[in-house]
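Asks: Produce the entire structure from the sequences given, and follow the hints as far as they go.
Okay, here's what each chain looks like letter by letter:
There are 2 protein chains.
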Amino acid sequence: MSLIKIDPSLDLVLEREIDVPVELVWTAWTTPHHLKEWFVPKPWTITSCEIDLRPGGAFRTTMRSPEGQEFPNDGCFLEIVEHRRLVFTDTLLPGFRPSAKPFFTAALLLEPAGLGTKYTAIAIHGSEAGRKTHEEMGFHGGWGTVADQMVAYIKAGKVAN
Amino acid sequence: MSLIKIDPSLDLVLEREIDVPVELVWTAWTTPHHLKEWFVPKPWTITSCEIDLRPGGAFRTTMRSPEGQEFPNDGCFLEIVEHRRLVFTDTLLPGFRPSAKPFFTAALLLEPAGLGTKYTAIAIHGSEAGRKTHEEMGFHGGWGTVADQMVAYIKAGKVAN
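As they're listed, the protein sequences go chains A and B. Take 18 as the starting number for the first sequence in our numbering and just add one per residue. Take 18 as the starting number for the second sequence in our numbering and just add one per residue.
Keep in mind that the hints were calculated from the coordinates and are not lab data. It is possible that some hints are incorrect.
[To be verified] Here's a subset of chain A near chain B, in silico, CB distances under 7 Å, partners left out:
#, residue
1, 96
2, 113
3, 116
C-beta atoms are modelled at their ideal positions from N, C-alpha and C, and glycine is treated no differently.
Replies: Below you can see the structure in the form of structure tokens.
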């Protein structure tokens, strides 16, 4: 039973059905060389990705703008339920150390739906201001675009089952 | 394998050997009606305690000063390894929601040592300023006193095995 509870005043939710199986979505999300191919809207790129798939384990990516500026993201995993639920946060660094720039917790919820997947991505904030900032940063467009990129990547046969 | 790594510039550590068994220490720490009896230096008291022993589950206490002022603490558990390791934080509320006042993560590490327990409590901070503030709040005296209170409570036969 997940303890994740959506609060519409604080959280942002992207929910859609996608026609790729849950196991491949899981692999695309949890394997660095796959995640690097789709996790940021193009033409941005991911230049590095570290995934230590344990509670408290590192989840680090570096995003690179088309102009060449790099933006590191540092956080850790909180909850891992294979093929169903992946929770991570930037409020804690690896080893559960409090971070200097706490912003949000993310929960990815997956459910089989026919041959595809019900795909729910939730950004959990501590304040309405946090939610609003994230909305203005383009949460819906950004997370929607990368979901599209992930589906295209999986359909191109790049992720082995 | 724990991902907890002590950084002496950021963290505070209380380590001692206590002559009560690891199973009773675990019960004293994870049962609200036991924890209320020893978790704050007397004559302060704990007026309420909620423990939902799951990752993301609530760990809430309210401390009451001798003058009657109440201080709520709200956080969640991160890692639970029965009789060995309990990790919790105030940087995330139940359901992993970022908190408004992130301060520290605590790790309690227990190891059997003869008939007793090697008892290690670690306060993990994100900055040297956080460590210093916690030191000045009286981390060592406070956590040491409550460890003494817990041992006395267990030796008085209050915690069933």
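Asks: Taking the hints in turn, state whether each one holds.
Replies: Hint check:
1. The interface hint given for residue 96 of chain A is met, as the beta carbon of that residue sits about 6 Å from the closest beta carbon of chain B, less than 7 Å.
2. Taken as an interface hint, residue 113 of chain A checks out: its beta carbon lies about 5 Å from the nearest beta carbon of chain B, inside 7 Å.
3. For the restraint placing residue 116 of chain A at the interface with chain B, the shortest Cβ-Cβ distance is roughly 6 Å, inside the 7 Å limit, so the hint holds.
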